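Construct the entire structure; sequences and hints are all you get.
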Amino acid sequence: MTVTSLDLDAVDLPVPPVRRDPETGRPRGWTTPRRIRVLAAVSVLLALVFATVVEVGAGGLRGAFREIGHRAGPQVVATSDLYFALNDMDAQVANVLLVGKEQGLGVGRDQALNIYAQRRAQADRDLQQASSIAGGDRAAAEALRAVLDGFGKYQALAAEAILLDGQHPHPAAQPPADALARYRQATDMMKQQVLPAAEKLRTANADALEHTYESKHTATDYAMIATGVVGALLASVLVGLQAYLARRLRRRINPLLALATAGVVVLTLTALGMLGSESEHLRRAKKDAFDSVLVLARARAISYDANADESRFMVDPARRAQYQLAFYDKSQDLLGLPNAGSVYDYDQEFATTIGLYRSANPKVAFTGLMGRELHNITFAGEREAADDALSALQIYQRDDREMRRRVGIGQLKSAVDFNTSYKPGNSNWAFDQYDKALVQVTDINQRAFDQSIHAGEDGLSAWTWIPPAALLAVAGLVFLAVRPRLSEYR
3 MTVTSLDLDA VDLPVPPVRR DPETGRPRGW TTPRRIRVLA AVSVLLALVF
53 ATVVEVGAGG LRGAFREIGH RAGPQVVATS DLYFALNDMD AQVANVLLVG
103 KEQGLGVGRD QALNIYAQRR AQADRDLQQA SSIAGGDRAA AEALRAVLDG
153 FGKYQALAAE AILLDGQHPH PAAQPPADAL ARYRQATDMM KQQVLPAAEK
203 LRTANADALE HTYESKHTAT DYAMIATGVV GALLASVLVG LQAYLARRLR
253 RRINPLLALA TAGVVVLTLT ALGMLGSESE HLRRAKKDAF DSVLVLARAR
303 AISYDANADE SRFMVDPARR AQYQLAFYDK SQDLLGLPNA GSVYDYDQEF
353 ATTIGLYRSA NPKVAFTGLM GRELHNITFA GEREAADDAL SALQIYQRDD
403 REMRRRVGIG QLKSAVDFNT SYKPGNSNWA FDQYDKALVQ VTDINQRAFD
453 QSIHAGEDGL SAWTWIPPAA LLAVAGLVFL AVRPRLSEYR
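If you count the sequence shown from 1, you need to add 2 to reach our numbering.
For the record, the hints were derived by calculation from the structure and aren't laboratory data. Among the hints, erroneous ones may be present.
To be verified - Pairs of lysine-lysine, PhoX-like flavour, derived with a Cα cap of 20 Å:
| # | residue 1 | residue 2 |
| --- | --- | --- |
| 1 | K425 | K415 |
| 2 | K438 | K425 |
| 3 | K155 | K202 |
| 4 | K103 | K415 |
| 5 | K155 | K193 |
Small disclaimer: the values here were computed from a predicted structure and weren't measured.
Right under this line is the structure:
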């Protein structure tokens, strides 16, 4: 027997005779060629299933990165940003009424009006982005309609309040009664209709994003199981074909089948590693980074609303108790201090809790939004930035009590000056330091989110062609391996 390049496993041994039907002369029963063909066909079929499973798993992850990183994720951020912009719009109207004709305060009337216009444009952009995809989600669409309806009514009331205030120049914190009455209507509209609807919109989008993540994560787990099982079956069939050829045809190891088997084993392990690595990129993007981005965005919006409650407290004496309680409630949303029964208990309780956080157990001290962020510290520099935000918030909280003390002893203009000034040692300066620290923590998580999304997409780029190439390679090697054996029976 002559050994050719396509018959690498041939040796000079006789081939067992084939039993044939005495009448037709055709091979009889479950013959060796038929067994070889069946094993080869099963190998190719399993290679097709393997390539399909890997492609479906990679495609699902590719879709998850696209949805979370470029569609649903930015959409949730936009609705969170909408909540912030709406809150600050109302805060700036309060500032307009607060400063009146006074000059030299930390915030002037023109500055407040400019910020109001900026926030209105920001809210318009966020609403446009929300409108572009909200139609596919009934809850989001209903919430969006409620926001749009209330937003238009709010702007009309706010414009009237600003106009009436401008017609009667007044000292700080002494707006005309008609302007104050119209502002009450506007802020009540914002609190009772617009913001709750915006929160429902944010929640609907966040829930949809969470569902997308969970379904894709579960699908990836199944894809990994299927990849391992089908890859093992394919390798087993190839080993079985190798063994059958060696035993039945008295051949040594077939190099082409050995190459196909080794390739399947390597590809299976590589595919499992890829799916696991990509799943981790997705988890890191969603759970470690994006969840913190959402918590911090909400914390920032609530912080601005609390800051506006101070302006409302000074500008509307009849509602001071209401706005003081609102400030306390928002402080609790941020920190969750169970033993602080009012704003006047906050300084001592905050000092005690932050001391416990820094000296004993960093994960159990706070239960509000800041606590949720502190439970999810993951990235380099994140804890230091979060600590800076806590320290700045503590200073701002102390300044709030100083403002209330001045109001309580009749020093209203001094309270307004202290509350609106950006000079070091004043309340707005402390709030600005806190806000910058909060933004820094957010930026750390946003960068990590972007990096994880890009890393995941880059890791999947080659897996559009690897599965079909693997299928063709396995099918070709099996064909070349069994063809010389089958030719011996012709």
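Structure-based check of each hint:
1. K425 <-> K415: Given pair K425, K415 holds - Cα atoms ~16 Å apart, limit 20 Å.
2. K438 <-> K425: Judged against 20 Å, a Cα distance of about 15 Å means the pair holds.
3. K155 <-> K202: Roughly 19 Å between the alpha carbons, so the hint for K155 and K202 holds.
4. K103 <-> K415: 12 Å, holds
5. K155 <-> K193: Between K155 and K193 the Cα gap is close to 13 Å, so the pair holds against 20 Å.
Every hint, counting from the list given before, is met by this structure.
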